[in-house]
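With this note's numbering applied, the sequence shown covers 1 to 622.
Keep in mind that a hint or two might mislead.
Cross-link-like lysine-lysine pairs, in silico, DSSO-like; alpha carbons within 30 Å at most [claimed, not checked]:
(1) K367 x K317
(2) K199 x K317
(3) K359 x K424
Computed Cβ-Cβ distance ranges for the label pairs, DEER-style [unchecked claim]:
(4) A539 x S561: 27 to 35 Å
(5) S119 x H81: 40 to 48 Å
(6) F22 x D67: 34 to 42 Å
(7) V123 x D229: 42 to 50 Å
(8) I226 x D13: 46 to 54 Å
(9) A154 x D238: 21 to 29 Å
(10) A499 x N531: 13 to 21 Å
What the hints contain is simulated information worked out from the structure, not anything from laboratory work. Since the model is a prediction, treat every value here as computed from it, not as a measurement. Using N, Cα and C, we set each Cβ at its ideal position, and we do this for glycine too.
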Amino acid sequence: MATRLDVTELDFDTIKANLKTFLKQQDQFTDYDFEGSGMSVLLDLLAYNTHYNAVYANMLANEMFLDSADLKNSIVSHAKHVGYTPVSATSATANIKITFNAATASSLTVNEGTAFTTSVNNVTYQYIIRDAVTVTPVDGVYTLTTDIREGTLATNKYTVDTSDANQRYLIENNLADVNTLTVSVQNSSTDSTTTTYTKASDLGAVTATSKVYYLEQAEDGKYEVIFGDGVLGNKLSDGNIISLEYIVCNGPDSNGATTFSASSTVGGESNITIVTNSNSAGGSNPETVESIRFNAPRQFSAQNRAVTPEDYKTIIKTLYPNTQTISVWGGEDNDPPVYGNVYVSLKPISGVTLTDTAKTNLQTQLKDYSVGSVRVQFSDPEITYITYRTTARYNSKVTTKSVDDIKTLINNTISNYSSTNLEKFDGMFRYSRFIDAIDDTDASVLSNTTTIKIHKFFTPTTGSAQTYTINFSNALYNPHSGHRSDSNGILSSTGFKVAGDTTNEYFLNDDGSGNVRLYYISGGVNVYTNNTLGTIDYATGKITLNNISISSVSNVDGAASTQIRIIVQPDSNDVVPVRAQLLEIDQVNSGVTVTADDFDGTGASAGVNYTTTSSYTSTTSY
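Starting from the given sequences, assemble the full structure and let the hints guide the process.
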């Protein structure tokens, strides 16, 4: 009986070995196992051919599915099947205010494409006004507040030829920002009547005469504009002239531009003043294949409507590709609850918060997806910082690294832990993983003892009495009522001055019984001026300061500041972000101590002479 060949292993050597196994069962060819024979050459040829075919078949099978495809064209094609259009490059946007100092006309027209220049990292970039705008004076003052977008205007024109079945209308530049695309159709070369077409968003509202277009990504990262067929949208006629106008941009390269100057006159005026209302942000590269692979099925599940938080996340990432991390929660989960609202907190790839312009644009765009009368509200990210005190022991006998070398490596480990595991809305601080990462820094690290605290900032309104709420959204350490009441409690703050006292620098602490105290230090002793300034809820982590008038803020970390830092001790070493909360490790106000530990654990006095470090806080103040 013939030996059954193993066809599951498809590398060249295995294929050739299987062919030899087959040939052993016949006696017509006897030189197959002699490498110098002609038969051996034929075996190599057959093995290579089989190997190539197997690789091709395997690749073909992989390209048939979105989750296994490697080629971008394949991934884009699969995305089309679920109605997903990959995000194009996006131009950075800034908001500026232009004051025309010498204008006298009844109105000024600022043309489309009016250019401004800026510099980022010593590279010059051009920003333009996308649409023409008319400026009229208010109380004799001519001002224009407008968005400007990075890039240059480009246009592709096509004359419709219905006899050409292969005619396509392509946006020729693969760095085009399709969000800036304007599609217009002129009747003919002899009839200048022009109609602007809009992008189809709701097929249910498209009729046979609707002036709409559809957008798909084509090969090489370019995009293709498709028009209706007379059923779903107006069908074009021979001789129609199509104009595709858009901005070609540099993606994220120009994010962070702060100052702008006019490239030429603006509205015919050269005597102008330009003030930047918001720095440039929002520029991004074309969507990656992995992002397409992730987002396409999720947008399909959203079905072009926003109901669940995941729907909003998926749609917003499509509308604003400069999204680094996003959190969405319903008004019923807000603190306090606000029914009928959906709250969004978004951290851009560049910057910390969305500009007001970006928020307004997203709110407008999301109206097309929101159900009923749901209102979308944006909440800026709230950063909760984690500080640590780490004492690490290492065995100097197994490494040539110095104490400073080990300390540097540990600091790098902590920095990587923060950027990898935290700094995103679902990034929970896991204490055990944190200390494990420190132990794994180097083979010589034996152990570490680490304690943590958390802190947040708030910006007071100076000169008037205000109430402030600082919410850590994590339980705070309070083992019993009155804990550390005779010292500083578990709450502390940076300094500030209050109205009516220009001499003393004031601070905050708690009495262990839910009260926030206000004090200054005289002769090394706390002098309390208000023992019930506010409340601290140890169970929820909410701190309230009532009716306090702060006149100025002390330096923070050696630099002038407008903020006060509130530091607390969490009840748990695991810290959980909630809603708009982001966790980040503050290495500036933390510390690492490294000591050599060469004790071998032998000898009768091992447990006596070995110096340990307690992981517990002092209990002397209980």
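The hints, checked one at a time:
1. K367 x K317: Roughly 15 Å between the alpha carbons, so the hint for K367 and K317 holds.
2. K199 x K317: This hinted pair holds, its Cα atoms lying about 19 Å apart.
3. K359 x K424: Distance ~19 Å between K359 and K424 Cα, so the pair holds.
4. A539 x S561: 27 to 35 Å: Holds: the Cβ-Cβ distance is about 30 Å, inside 27 to 35 Å.
5. S119 x H81: 40 to 48 Å: For H81 against S119, whose Cβ atoms are near 44 Å apart, the range 40 to 48 Å holds.
6. F22 x D67: 34 to 42 Å: Check passed, 36 Å falls within 34 to 42 Å.
7. V123 x D229: 42 to 50 Å: holds (45 Å)
8. I226 x D13: 46 to 54 Å: For D13 against I226, whose Cβ atoms are near 49 Å apart, the range 46 to 54 Å holds.
9. A154 x D238: 21 to 29 Å: Holds - the Cβ-Cβ distance for A154 and D238, about 26 Å, lies within 21 to 29 Å.
10. A499 x N531: 13 to 21 Å: holds (19 Å)
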